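So the sequence lines, in the order shown, correspond to chains R and U.
For the first sequence, counting from 1, position 276 maps to 276 in the UniProt record's numbering; every step adds exactly one.
For the second sequence, counting from 1, position 162 maps to 162 in the UniProt record's numbering; every step adds exactly one.
Errors might be hidden in some of the hints.
For identical chains, the list gives no copy identity; a pair is met inside one copy or between any two copies.
[Said to hold, decoys possible] Quick list of in silico lysine to any residue cross-link-like pairs, SDA-like style, CA-CA up to 20 Å:
#	residue 1	residue 2
1	Lys145	Pro245
2	Lys317	Ala348
3	Lys242	Gln301
4	Lys317	Thr59
5	Lys242	Glu299
6	Lys242	Lys306
7	Lys105	Pro382
8	Lys70	Ser94
9	Lys242	Ala300
Hints in this document: simulated from the structure, not taken from any laboratory.
The model shown is predicted, which means the values in this text are computed figures rather than measured ones.
Number of protein chains: 2
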Amino acid sequence: MIKPRLISLLFSSCVRAGCAGQRWWLVGLAANLFVLGNGVAVGYDELVEKHVFEMDGYTTQGGERIPSLKVGWEAYGTLNEAKDNVILITHYFSGTSHAAGRYSKDDAAPGYWDAIIGPGKPLDTDEYYIIASDTLVNLNAKDPKVITTGPATLNPETGEPWGLDFPVVTIGDFVEVQKALLENQGIGSLHAVMGASMGSLQAYEWASVYPERVERVIPVIGSGAANAYLIGWLDAWAAPIKVDPDWNGGDYYKAEPPTKGLEESLKLITLQANHWQWANDTYGREWAEEGVDPASSLEAQFLFEKVLDDVATDRAKVADANHLLYLVKANQLFVTGEGENAEAGLAAIEAPTLMIYSEDDLVFFPALVRQTIETIAADGTPVEEVVLEGKRGHLDGVLSIEQAGETIREFLDRDV
Amino acid sequence: MIKPRLISLLFSSCVRAGCAGQRWWLVGLAANLFVLGNGVAVGYDELVEKHVFEMDGYTTQGGERIPSLKVGWEAYGTLNEAKDNVILITHYFSGTSHAAGRYSKDDAAPGYWDAIIGPGKPLDTDEYYIIASDTLVNLNAKDPKVITTGPATLNPETGEPWGLDFPVVTIGDFVEVQKALLENQGIGSLHAVMGASMGSLQAYEWASVYPERVERVIPVIGSGAANAYLIGWLDAWAAPIKVDPDWNGGDYYKAEPPTKGLEESLKLITLQANHWQWANDTYGREWAEEGVDPASSLEAQFLFEKVLDDVATDRAKVADANHLLYLVKANQLFVTGEGENAEAGLAAIEAPTLMIYSEDDLVFFPALVRQTIETIAADGTPVEEVVLEGKRGHLDGVLSIEQAGETIREFLDRDV
């Protein structure tokens, strides 16, 4: 049932990775059996553990002190003795460090890039040590699996949640905390850094500020700086929270949080990260409730409105409104590298770059991604690209990433 | 100074229009002198008057009765004796009947399509009687120049503003009121109907439901039905109003209106109707306030954020929040023609169609406009198109309409 070619590939990848554990081979075999039997690829099959990284204080790029800091992280694969097989995954705006695998066998879904992370997969856990961490001010502060530090965290100096006293943090701060996390494990360089959307901003930043530490960079669905239009949309994402009286100037941790405003913010993000091809083809003009014509009253809905409401309600349960505002600010402030000159910041990237994007992206428009490619490539830095096909717009960078799988595999395998 | 060719054109257009008033010729001359002298075209030069059309009751397509109804209208040019030189202009979501000219010489700006409406212009007021009316539930209910009927209007049966007791109205209702307005002037058929965005929906509806009355149709930046994604965005536009506690379930006419929520709704509309090319090129990453780095606090803004705030504040002064919600509903409910079958509705259009759109439209996506073109053209209805160039996305349908000017002129002049 298993084709000979496939078995030899499994063995050869086992050889390449040094066969740190025979179990990887077996997992790979099981995974590939699954592919053969069902036509569906599976990813990382080990149960994933969430770890905590703590710092005894961190000074932000803005010069403010956070006396104690924690972020969650998880890893797939094994760190080799040389500690040179590390791929860092940086997460998107509403994402977490959960890039692959399941915490328990009962989890409804695996991490977001499970399609490309696992034994024998493009980000091959037989070969690489793949690590991902929750950012500071992570959106999903109430998710028990997310560990982050931000406005919802207790300020040790007051014993109260920070609220808006928490300092402004930047994509650069996210990178600095990741660097400390890696150094804590003795990791000095990265085989690659890869991230989608806000994760791509972190990837640009890593490659620009620490060119000697980053051997390859894979930015997905992102461009090299936040510009006026994105800054404006980020502001609009934040707005419903501020309109909600329960937001109370950010001081709501002892009262009702601004759930309605947060839900509407998350709805905007859901909409903009998607595309009409998916929405129209999937939901058309169907009614939310059988027999209730949307024309019958101002309140009566179309199905797609209800779907957006339900998604927003669900996402809001684990999200914190102030964290969303801080993420908005971090993204608005982003320019690759130090200072405000995006061209110089992108020119400082020397690592071979694999750019992955979608022509239908309504958050980071494809023309701006292509400008970023040109700027990185201008001084001779090699840049390859994969254009994803799909109906999900921006989200295809998460949902359709397997289309880029073989290109990613070759890119990671190639010597630099 | 005036070239002979131009004078002869002016005379010939005077002859074509029957020279109902010699003043038109003089205005045309002045206008064209201005073109020659400054290289800038001017539009309608007569002072514009706002008129009121009243109905003694109107039954909506949903079967509900509005006992008394008023809408404002204005006209440019002169209705000929045969009453067969009429062009109806239908307005966009946040627009009004003020399509051309000025109410007083001191007006800061003329009506929105002044570039193409006027003596000698493509919509030539020497030849055509161009009429535009405010829709029901017009957004700008507080604008002294707007006359509309909607939730902010007094319900004669209670003496109080209608609020959410006002019935749901549709694009079809807007068309029915326009039909009554035209019939009141003895007008039975239209040389053309032309409208942008929500105005294009009215144009489709006119041409589909009254094919015998519409000789030509010019839909600008719009497609033939609201689909899921647009329905979702319209819902998102409405959301900040509903989050604002001052909205109070629509009952705010004796208290503070939901200004903050309304402003955020209008900001979303402003953003989506624009495009990154304009925002980025115009505002880049400039700071709102000199010396106040947006990184310095959560509140500190980039210039584009402040511009959006200022525009929204300004627009909210004359807008009514409930009217916005009713417009959202009317647009969500839109399918060309009677019933839910957009293909049948568009197929019923027999009038030659000139479709004008932008490849950068983020409200009515170009692929959906092209689908609409195909559907109208499928049974042999002639459809021409003009693709506008610009940096304003959807808004180029208003701001860059003069690019289509000569095509519009020829389209209107051609016999059908």
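Quick rundown of the hints versus the structure:
{"no.": "1", "hint": "Lys145 x Pro245", "verdict": "neither (29 Å within a copy, 34 Å between copies)"}
{"no.": "2", "hint": "Lys317 x Ala348", "verdict": "neither (40 Å within a copy, 48 Å between copies)"}
{"no.": "3", "hint": "Lys242 x Gln301", "verdict": "between (25 Å within a copy, 15 Å between copies)"}
{"no.": "4", "hint": "Lys317 x Thr59", "verdict": "neither (31 Å within a copy, 44 Å between copies)"}
{"no.": "5", "hint": "Lys242 x Glu299", "verdict": "between (24 Å within a copy, 11 Å between copies)"}
{"no.": "6", "hint": "Lys242 x Lys306", "verdict": "between (23 Å within a copy, 16 Å between copies)"}
{"no.": "7", "hint": "Lys105 x Pro382", "verdict": "neither (41 Å within a copy, 60 Å between copies)"}
{"no.": "8", "hint": "Lys70 x Ser94", "verdict": "within (18 Å within a copy, 48 Å between copies)"}
{"no.": "9", "hint": "Lys242 x Ala300", "verdict": "between (26 Å within a copy, 15 Å between copies)"}
The structure does not agree with the numbered hints 1, 2, 4 and 7 stated previously, though it agrees with the rest.
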